[in-house]
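**Student:** What follows is each chain in one-letter form.
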Amino acid sequence: MNAKFTPKVKDIGLIVVLAGLVITFSVLSPNFLDVNNIYNITRQVATLGICAVGFTFILITGGIDLSIGYQISVNVVVCGMLMANYDLPWYLAVLAVLALGTLMGMINGIIITVTGVSPLIITLAMMTVLNGVSYLLSRGLPIFGFPSEFSFIGQGTVAGIPVALIILLLVCAIGLFILNKTYLGKYFYAIGNNREAARLSGINTPRVLILVYALSGFFTAIGSVVLLSRLSSAQSATGSGFEFMVITACVLGGVSVMGGRGTLFGAFLGVAIIGVLNNGLVLLNVNEYVQLVITGAILLIAVSYDALSKSSKGRITQISAMVLSGSKKSSAKAV
Amino acid sequence: MTAAVEDSVSTADPHRTVLEVRGLSKSYPGVTALDAVDFELREGEVHAIVGENGAGKSTLIKILAGAEVPSSGRITINDTTYDRLTPALALELGIAVIYQEFTLVSTLTAADNVFLGDYLTKGPVLDTKTMNARAAELFARLEVDIPPQAQVEDLTTGYQQVVEIAKALSKNARVLIMDEPSAPLTAAEVDAMYNVIDTLKRQGMTIVYISHRMDEIFRLSDRVSVLRDGKHVATRKTGQTTREELITLMVGRELKSGYPERDTPPGEVSLEVSGLTGNGVQDITFQAHEGEILGFAGLIGAGRTELMELLFGSKPVESGEVFFQGRPVISRSPEHAIKNRIALVPEDRKRHGVILDFCIKDNIALPLLKKMSRSGVVSAGRVSRLAEEYMDSLRIKAPSSSQLVKNLSGGNQQKVVLGKWLATEPEVLIFDEPTRGIDVGARNEIYLLMNKLAEAGKTILMISSDMEELIGMSDRVIVLREGRQQGTLTRSEISQESILSLAAEGNVE
Numbered sequence: 001m002n003a004k005f006t007p008k009v010k011d012i013g014l015i016v017v018l019a020g021l022v023i024t025f026s027v028l029s030p031n032f033l034d035v036n037n038i039y040n041i042t043r044q045v046a047t048l049g050i051c052a053v054g055f056t057f058i059l060i061t062g063g064i065d066l067s068i069g070y071q072i073s074v075n076v077v078v079c080g081m082l083m084a085n086y087d088l089p090w091y092l093a094v095l096a097v098l099a100l101g102t103l104m105g106m107i108n109g110i111i112i113t114v115t116g117v118s119p120l121i122i123t124l125a126m127m128t129v130l131n132g133v134s135y136l137l138s139r140g141l142p143i144f145g146f147p148s149e150f151s152f153i154g155q156g157t158v159a160g161i162p163v164a165l166i167i168l169l170l171v172c173a174i175g176l177f178i179l180n181k182t183y184l185g186k187y188f189y190a191i192g193n194n195r196e197a198a199r200l201s202g203i204n205t206p207r208v209l210i211l212v213y214a215l216s217g218f219f220t221a222i223g224s225v226v227l228l229s230r231l232s233s234a235q236s237a238t239g240s241g242f243e244f245m246v247i248t249a250c251v252l253g254g255v256s257v258m259g260g261r262g263t264l265f266g267a268f269l270g271v272a273i274i275g276v277l278n279n280g281l282v283l284l285n286v287n288e289y290v291q292l293v294i295t296g297a298i299l300l301i302a303v304s305y306d307a308l309s310k311s312s313k314g315r316i317t318q319i320s321a322m323v324l325s326g327s328k329k330s331s332a333k334a335v
Numbered sequence: 336m337t338a339a340v341e342d343s344v345s346t347a348d349p350h351r352t353v354l355e356v357r358g359l360s361k362s363y364p365g366v367t368a369l370d371a372v373d374f375e376l377r378e379g380e381v382h383a384i385v386g387e388n389g390a391g392k393s394t395l396i397k398i399l400a401g402a403e404v405p406s407s408g409r410i411t412i413n414d415t416t417y418d419r420l421t422p423a424l425a426l427e428l429g430i431a432v433i434y435q436e437f438t439l440v441s442t443l444t445a446a447d448n449v450f451l452g453d454y455l456t457k458g459p460v461l462d463t464k465t466m467n468a469r470a471a472e473l474f475a476r477l478e479v480d481i482p483p484q485a486q487v488e489d490l491t492t493g494y495q496q497v498v499e500i501a502k503a504l505s506k507n508a509r510v511l512i513m514d515e516p517s518a519p520l521t522a523a524e525v526d527a528m529y530n531v532i533d534t535l536k537r538q539g540m541t542i543v544y545i546s547h548r549m550d551e552i553f554r555l556s557d558r559v560s561v562l563r564d565g566k567h568v569a570t571r572k573t574g575q576t577t578r579e580e581l582i583t584l585m586v587g588r589e590l591k592s593g594y595p596e597r598d599t600p601p602g603e604v605s606l607e608v609s610g611l612t613g614n615g616v617q618d619i620t621f622q623a624h625e626g627e628i629l630g631f632a633g634l635i636g637a638g639r640t641e642l643m644e645l646l647f648g649s650k651p652v653e654s655g656e657v658f659f660q661g662r663p664v665i666s667r668s669p670e671h672a673i674k675n676r677i678a679l680v681p682e683d684r685k686r687h688g689v690i691l692d693f694c695i696k697d698n699i700a701l702p703l704l705k706k707m708s709r710s711g712v713v714s715a716g717r718v719s720r721l722a723e724e725y726m727d728s729l730r731i732k733a734p735s736s737s738q739l740v741k742n743l744s745g746g747n748q749q750k751v752v753l754g755k756w757l758a759t760e761p762e763v764l765i766f767d768e769p770t771r772g773i774d775v776g777a778r779n780e781i782y783l784l785m786n787k788l789a790e791a792g793k794t795i796l797m798i799s800s801d802m803e804e805l806i807g808m809s810d811r812v813i814v815l816r817e818g819r820q821q822g823t824l825t826r827s828e829i830s831q832e833s834i835l836s837l838a839a840e841g842n843v844e
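Residue numbers (my numbering), protein chains in the order written: chain E, 1 to 335; chain R, 336 to 844.
Just to be clear, a hint being listed does not mean it is correct.
Okay, the calculated bits of chain R under chain E, using three or more residues with CB under 8 Å as the criterion [to be verified]: (1) 667-675; (2) 680-688; (3) 693-706; (4) 711-725.
No more than 30 Å apart at the CA atoms, straight line, and that leaves these computed lysine-lysine pairs for DSSO-like [stated by the list, open to error]: (5) R:Lys674 - R:Lys706; (6) R:Lys741 - R:Lys674; (7) R:Lys674 - R:Lys705; (8) R:Lys705 - E:Lys181; (9) R:Lys787 - R:Lys741; (10) R:Lys650 - R:Lys741; (11) E:Lys181 - R:Lys685; (12) R:Lys741 - E:Lys181; (13) R:Lys674 - E:Lys181; (14) R:Lys464 - R:Lys506; (15) E:Lys181 - R:Lys732; (16) R:Lys732 - R:Lys706; (17) R:Lys787 - R:Lys706; (18) E:Lys181 - R:Lys706; (19) R:Lys572 - R:Lys536.
Taking CB as the label site, the calculated pair distances span [to be verified]: (20) R:Gly745 - E:Val16: 36 to 42 Å; (21) R:Ile635 - E:Leu120: 55 to 61 Å; (22) E:Val16 - R:Thr442: 36 to 42 Å; (23) R:Glu427 - E:Val286: 55 to 61 Å; (24) E:Leu120 - R:Thr521: 52 to 58 Å.
To be clear, the hints were calculated from the coordinates, so they are not data collected in a lab.
Glycine is no exception: its CB is placed at the ideal position from the N, C-alpha and C atoms.
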């Protein structure tokens, strides 16, 4: 199993890409390597990195959670309302949101395991539901006016280091620990590789799957709090499109959308590349829509690479088997 | 196109050979599935093909359907000789196969299915009217009343089979190969199918009928060919042979000795199963003893694997009871079965036995990972020690326990599965085809291991389709057929003939 925190050939490729981007941007924009800008990047990617931990777990089990973006929206709207409208102390609001996030993930997991329907469809539906919920709660209006202690999470520093970065590193450490040191991590890989063999080995696969979505919901809630604290304003649109960024970062980092393989180290490299790219393009005043084209293209390249490198051989045998069996194939099933 | 043969007078010439194969062989790495088979089909006959599991029947069908390329040999159809067929060519030559699994689209109508892939059109639109009329003609020709507009999923299995046959007729099939057509049908549907076959025969269709069931062969066929171990053993006129002769021909060989001896006799009753029902098996009742190897025989689809899935909790039990040493051990899940000290070494090693992308030690430790963890953290040392213990005792050949299982040979992969299950310290071990696809050396090691487990007082249930293995290893053999228990053979009663006649017939005089 390749779950170790050691760079592999593909990771080295990503490190080269990252270094290339850093060099390019620092040549093109003198401000890029400024300490403040570096910290700025870490603040910007903190939420992405934190969410990528749980998302990587889900991808490893062979699942996906498209609702992650609007989970963030619901989290920030609820957190903002608790503080601004109900005057709840900020730490209670944060705790409430951590529970809420876990619950949302758990609901996804329960529906997916009970119905057996593809996570893609279930979470797509959930994404739309949560979009509506966040809009209804906020009535489409931005929520602001949080206690100043709260902004410390996303904007403050400890000994010159951004708090957001510290939280990111802590979450990463927890993620690495779960994935590489606990039996749960092994279960994630086992289920993603061969769910039936995992079940026959005595793994309670439904329970593990519900847990993985709940865990991802929990990490997403942490990410939401960091984001809200940095933005100082909550809106139903806050998390819109975030699922796309997380998928891109994880897949770019070599986490397979087909399940069973990928490392957190790779996912973090993916997050770093996305963060540097976005920051650099903004510094260079690149048109917003050009940025969209670039990020979309990166995802296309990454998934194509994943699909072709993983099973190009299997794919060819599959296709030739289909051709050979001729009329016998077809997805037809009568009884 | 097909309506021309509407009259029920056969135009077939029973002396004309429509299809002939000579020296047909097919080898896969390590296995010879077909070995220089000669075989001919005469126009208008119903030709039965019989043989044990693995005798080569399926391979022969696949080659005739163009789905497999023969390693050597020739196929002559209507006086033209080919060294291989393709699916398209086979269809064009009028060869159609009715598989056990139908190839129908259940949400389309009967007529749509008959013309699937070959739709009739009027300009740019489908000519539904003509298709329905033509389908109705075909059904009438088969003397079966199926509304062409009926949705296939609403039809009974028997009618679905008729739709499948009509589909073959619409493509001008001249030779119809039917692979155990009665297997999915109820008794009433089987009678209806016999009538369809009689009708087809009267109209001059040549039919290859593959079956295990003696009664059907004697009811339907004109001639019968026996395959054994990939070889064509004999072809007989059905009227001039007997059941006994066919069974003897199918079994043929003398049993090779060479199974390791086991001295200790079975002990006390340990496992008691009564009235176990669910997952396609019905009312199974048996007892197994400590130190006993209890064999399970039956044809493919007899319900042996399904029975074991119930015992292991991977499929839900509908009713019935299971006791081990007097306490109830109905398993609700594999997880629960492991707690009940039941282990299952599955038939499909790669899909159900191992995780190919995991290394040896992670595979062996998988069922025990939770136990080998302290507050969730896996003890890497314990995992390695466990894996190395079983690598040593089972002699798994690999450079280290970190080797990925996908890089191991079949025999060593199977040993990893065995190690994984032995590590759970089971009292009841279920082996489903334990030596399938494994070389002779590793095979013998597995037999020795099974004997050692039996001698240590474990209860062993073994499914096998390998007659020699069943007879060589089992203390008793339970024979299943169509999900039901047909009988139990004691040591002195076990023979290839007794097993086969129970498996195929269900009643012995």
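**Student:** It remains to establish, for every hint, whether it holds in the given structure.
**Tutor:** Hints versus structure:
A stretch counts as covered by a chain when three or more of its residues have a beta carbon under 8 Å from one of that chain; for the stretch 667-675 of chain R and chain E the count is 5, and the coverage holds. With 4 residues having a Cβ less than 8 Å from any Cβ of chain E, the stretch 680-688 of chain R passes the three-residue criterion, so the hint holds. Beta-carbon proximity to chain E at under 8 Å applies to 7 residues in the stretch 693-706 of chain R; the threshold of 3 is reached and the given coverage holds. Here's how the stretch 711-725 of chain R fares: 3 of its residues keep a CB closer than 8 Å to some CB of chain E, so the rule of at least three is met and the hint holds.
Distance check on the hinted pair: Lys674 of chain R and Lys706 of chain R sit about 12 Å apart at the alpha-carbon level, within 30 Å; holds. Pair hint Lys741 of chain R plus Lys674 of chain R holds up; C-alpha atoms about 28 Å apart against a cutoff of 30 Å. Restraint check for Lys674 of chain R and Lys705 of chain R: the C-alpha separation of about 13 Å stays at or below 30 Å, so the hint holds. In summary, the hint linking Lys705 of chain R to Lys181 of chain E is supported, as the alpha carbons are separated by about 12 Å, within the 30 Å threshold.
Taking the CA atoms of Lys787 of chain R and Lys741 of chain R, the gap is about 28 Å. The hint holds against a cut of 30 Å. For the proposed pair Lys650 of chain R and Lys741 of chain R, the alpha carbon gap of about 27 Å is at most 30 Å, so the pair holds. A distance of roughly 26 Å separates the Cα atoms of Lys181 of chain E and Lys685 of chain R; the hinted pair therefore holds under the 30 Å criterion. For the hint pairing Lys741 of chain R with Lys181 of chain E, the CA-to-CA distance comes to about 23 Å; that is within 30 Å, so the pair holds.
Between the alpha carbons of Lys674 of chain R and Lys181 of chain E the distance comes to roughly 24 Å, so the proposed pair stays at or under 30 Å and holds. Under the criterion of a C-alpha separation no larger than 30 Å, the hint pairing Lys464 of chain R with Lys506 of chain R is consistent with the structure, at around 19 Å. A C-alpha spacing of about 27 Å is found between Lys181 of chain E and Lys732 of chain R, which places the hinted pair at or below 30 Å, so the restraint holds. Of the supplied pair hints, the one linking Lys732 of chain R and Lys706 of chain R holds, its CA atoms being roughly 27 Å apart against a limit of 30 Å.
Using a Cα cut-off of 30 Å, the hinted pair Lys787 of chain R and Lys706 of chain R holds, with the two alpha carbons roughly 26 Å apart. With a C-alpha separation of about 14 Å, the suggested pair Lys181 of chain E and Lys706 of chain R falls inside the 30 Å cut-off, and the hint holds. About 17 Å separates the Cα atoms of Lys572 of chain R and Lys536 of chain R, which keeps this hinted pair within 30 Å; it holds. Between Gly745 of chain R and Val16 of chain E the beta carbons are some 40 Å apart, a value that agrees with the proposed interval 36 to 42 Å.
Distance hint check for Ile635 of chain R and Leu120 of chain E: the Cβ-Cβ separation is about 36 Å, which falls outside the suggested range of 55 to 61 Å. Distance hint check: the CB atoms of Val16 of chain E and Thr442 of chain R are about 51 Å apart, inconsistent with the given range 36 to 42 Å. Our hint of 55 to 61 Å for Glu427 of chain R and Val286 of chain E holds, since their Cβ atoms are close to 59 Å apart. The hinted window of 52 to 58 Å between Leu120 of chain E and Thr521 of chain R is violated, with their beta carbons roughly 39 Å apart.
Comparing the model with each earlier hint shows violations of hints 21, 22, 24; every other hint is respected.
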